Amino acid sequence: MKLHPILAALRKHKAGTVLISLQIALTLAIVCNAIFIIGQRIERVNRPTGLNESNLLLVTQQWVGAPNADTADGVEKLDAMQREDLAALRNLPGVVSVTPTNSLPLLNSSWTGSVSHKPGAQLGGKDNTRTAYYFIGDQAMDTFGLKLVAGRAFTAGDVQHQGFRDQPPRPIAIITKALAQKLFPDGSAVGKVMYSDGSNAPTTIIGVVERMQTPATGSWGNDFAWYSTLIPTRLDANFARYAVRTRPGQLDSVMRAVTPLLYKVNPLRVLDDDSVKSFGEIRAKAYRADVGMAILMGVICLVLIAVTAAGIVGLTSFWVGQRHRQIGVRRALGARKIDILHYFQVENLLIAGIGVLLGIALAIGLNLWLMTRYEMTRLPVLYVLVGVLAMLVIGQAAVFVPARRASNVPPVSATRAA
Amino acid sequence: MFAYYLELALRSLKRNRALTALMVLAIALGIGASMTTLTVLHVLSGDPLPGSSGTLYYPQIDPRDNSGQLPGAEPPEQVTLIDGLNLLHAGRADRQALMTGGSVPIQPDSVVVDPFYVESRYTTADFFPMFGTRFSYGRGWNAADDEAKAREVVINGELNQRLFGGADSVGRNLRIADASFRIVGVLDDWAPNPHFYDLNTGSYGRAEQVFVPLQTALDLKMEHNGSNDCWGRGAGGVGRIYPSESCVWLQFWAQLDSPAKAADYKQFLVHYSQEQKALGRFAKAPNVRLRNMMQWLAHERVVPDDVRLQTGLAFGFLLVCLVNTVGLMLAKFMRRAGDLGVRRALGASKRALFGQLLIESGVVGVVGGAGGLLLAGLGLWVVRQRPSSYAALAHLDATMLLTTFVLALGSTLLAGMLPAWRACQVPPALQLKSN
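Sequence order for the protein chains is A and B.
The numbering of the first sequence is UniProt numbering, which starts it at 1 and goes up by one.
The numbering of the second sequence is UniProt numbering, which starts it at 1 and goes up by one.
Hints were generated in silico from the structure; no laboratory data involved.
Incorrect hints may appear among the rest.
To be verified - The following residues of chain A were derived to be distant from chain B, with all beta-carbon distances above 12 Å:
#1 A80
#2 L183
#3 V412
Claimed, not checked - Chain B regions said to be covered by chain A (calculated; three or more residues, Cβ under 8 Å):
#4 22-29
#5 113-126
#6 250-262
#7 320-326
#8 331-340
#9 382-389
Note that the structure is predicted; figures quoted are calculated from it, not measured.
Note that CB positions come from ideal geometry on N, CA and C, so glycine has one too.
Produce the complete structure using the sequences and hints provided.
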């Protein structure tokens, strides 16, 4: 097939050709970037927290008229109340283990600080590594389902308690593998000493866990998303959080039993609808904006592609109608049906080709612009290539129906007025 | 003439029903998506206190030491308690208020109602007149009550409804965090969006139910919520209910009625910083900012990036839909070159033809715009069903309604312009000949 007649015909439809190419280019640019954003969101949502997330629930509750956590006496009373709750929860049928904790991954309620090789380092100094603390009990490893890769887990004897705002020394800690590698790149963190929050008292690392995400899902927490530090301490305040692991299949029954049980232990407290949450709910809430954004972008991309495809169908149909007589002449002069079909297909390929070339430039330009304004990384070439291929295929699919109609124009129409 | 052209347009549109439907649908989808996202953006970036936001300022000073901080960096986003009280007592602004947030247990006298926690704001007296809060009953407290650590409280309409069934509860007593308070005022549904005066406790859809004098709250050690930023050894201290002296955790707002006063106030902040440095409290050279409310909201990037991205995406979509419409309309008009040639030959001017074709594209625009409005209504309904904090705010207002129509009509007329112009360039004689 010779391109010459196609080019000559397109030159007669300059405006139409330019417009459809432009539409393809814009569609390619927008869809490439949108799919890239969707991909990033999906990757973010799917990253594992390091916990065994099934059969895990979190209880958040507040006492009313609780003892003052600023006095030694008050702290002891609060701790007794907390131990009473823990014992009651552990006795609940279907419960495997329970730990007090200040937060959980994805909960967006974090206690962050920094750890350093040196004592007395000032906050915000260079040697400091940001970390998020989990203050937990001895059953935490089992309750969370963490995988210990070095050292040992906490024992009941390791666990201390403190008032929420007190700052006692932290003699031992378990840290994540990511934090261990940052602090001790030679891979021997167990038994080493670090200093937390500018303290002069050393903290000995007794164990390393494979992975545990910090509670923050916002962009401010991205830099230290895997730098968690576990401290064996019950925090005593007028509120407490308990993480509960249940036997498989008993999550729902335990969730229903928790609130009445805790009210029975001590009625002077507040538990509302939000107080007992499964980890699944915590995960869904943490990422709902990302999921919503991904769905919205996906829908807009689909509609965008549909509009562009419909535009190609519409415009080609017009051209077929307009050239009805010429097609008849070509057929009468000996062109086969397949030649007519190919003519429109090649014509579309040419138009779409111009469109995608322009589209590649637009896609990269749009990505660069987005990078200056939002948190965005460089668009991988693969996305653009797949996008280009997809646009060409969509173009061919869209042109097929009108092109076949064109190929069915009978040669006799050459003799009739258009 | 207009009626005749309109009839012609309708006839022409009827001739290619599928194509007309495609053009209308594309415009409607584009307008619907753009208006939905634009409305959300408009609501989120709106002025929470129209009329007075220009005179409200958020002073920032820098009391930090030099550890690990870059020179020229932004000062902290809040103030320490000492600096807050100093600025408050200096009284250099027309009005000023120092505040922070928390949550408190409400302990109703009735035994049938269990105690419950509500969000609270601890603030000094000017909060109410400065932010123009609207009262259903009573009023706020005054500066003397602040200093006297008065047990007075302002509650909002929601809490008043819950506790007192909406009746005038001024003068009644309310037990909060184990202390007895006298209700002095009941707000109506006042809840500015964004929650500009303290963005740390959520930007949208937040409203405190209880307002307590700051000094009273500190005296009773009421629980504090929000952001604490500390430096140096600031995190230290044992048994401290509130953050230490080297932590910022309160917000300070000032009302300055004229730009000259604002300039003076900025000078005052510099002098204050110098004075504190001389006293040894501050370590840095004066590092102050004085942004008004809207500048502060822009600086804090209070509108979520996702919302901006969505709006950008929707307008990109609209652009593609318009290009699509231009292409289709062009093809359509060019196909009618024969008819147009006959009309030209019969004496119709280019302008008349142009007008006729524009009316045709205008009809597509109006119908598409109406469809877009319906889709925007649907889109906003979907947004309201979503669990985001700003969901309930997503409503079309008169401005956005008008914008939708202008956008729909304007964009399709613009889109019809090029095809109409191209079609009018057809020389009449040539068209007559070719058939």
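Those earlier numbered hints the structure runs against, lowest number first = Hint 6 contradicted; others consistent.
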